[in-house]
Amino acid sequence: MHSNILTAAVAGFGTGLSLIVAIGAQNAFVLRQGVRRQGVLAVVGICALSDALLIAFGVAGLGALVTARPGALTVIGLAGGGFLVCYGVLAGRRVLRSAGDGQAMAVEGAATGSLRTAVLTCLAMTWLNPHVYLDTVLLLGSVAADRGSLRWVFGLGAMLASLVWFTGLGYGARLLSGVLASPKAWRVLDCLVAATMLTMGVLLLVRTV
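Take the sequence shown: its position 125, counting from 1, is numbered 984 in this note's numbering, and each next residue is one higher.
Keep in mind that the hints were calculated from the coordinates and are not lab data.
All of these numbers come straight from a predicted model, not from anything done at the bench.
The reader is advised that the hints may include incorrect statements.
The calculated label-pair distances, taken between Cβ atoms and stated as ranges, are [what the hints assert, rightly or not]: (1) K1043 / T933: 36 to 42 Å; (2) V1047 / N863: 43 to 49 Å; (3) L1051 / I864: 38 to 44 Å.
Backbone N, C-alpha and C fix where the C-beta goes; we use that ideal spot for every residue, glycine too.
With the hints as extra help, turn the sequences into a complete structure.
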């Protein structure tokens, strides 16, 4: 029995990790906040808690409800796609501005950004992305259902994977502070963020429409 519980937990951890490790808008945002050391705890907490709630919904069997409401996913997709495109444009503007003034973004000392802005942005990137519902509520929920009585153990494993990943990404990003001490390095990071956001946003809008 104990081996079955461990197997279900490990399977949930592995499945959850495989779904969130892929480069995406949310991960790019967490990475940037981690490097800047701005609102890291709040951002990591929002991402991990949101995943935990969505996974719980999936394990509880709410996937059928999401499937029955395709219109809701369409609205979320349009809003999320538009938001990501706007954020990508703003990241692109940062690249152009940094190229003009030649200044590196501060990575040491007190945070200069707004915690409220970081929280609202993180919430939008998490809850306005229909892929989050498909991955957690539908996919993880259906896989967990195959575990029968151990489905919640599987779900807890997936939740733990999310917590471990976002904590490592948010706080581990500080190791890049030295690398990002030059304006050129920050331009590269913002270029990657802009490209990721714009690509994800456009693809989301195209698939939704």
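Legend entry - Distance restraint hint 36 to 42 Å, applied to the beta-carbon atoms of K1043 and T933: Roughly 41 Å apart at Cβ, these two residues keep to the hinted range, so it holds.
Inset, instruction - Check the following: the C-beta atoms of V1047 and N863 are separated by a distance inside 43 to 49 Å. - result: holds (47 Å)
Legend entry - Distance restraint evaluation - L1051, I864, Cβ atoms, bounds 38 to 44 Å: holds (40 Å)
No hint from the list above goes unmet by this structure.
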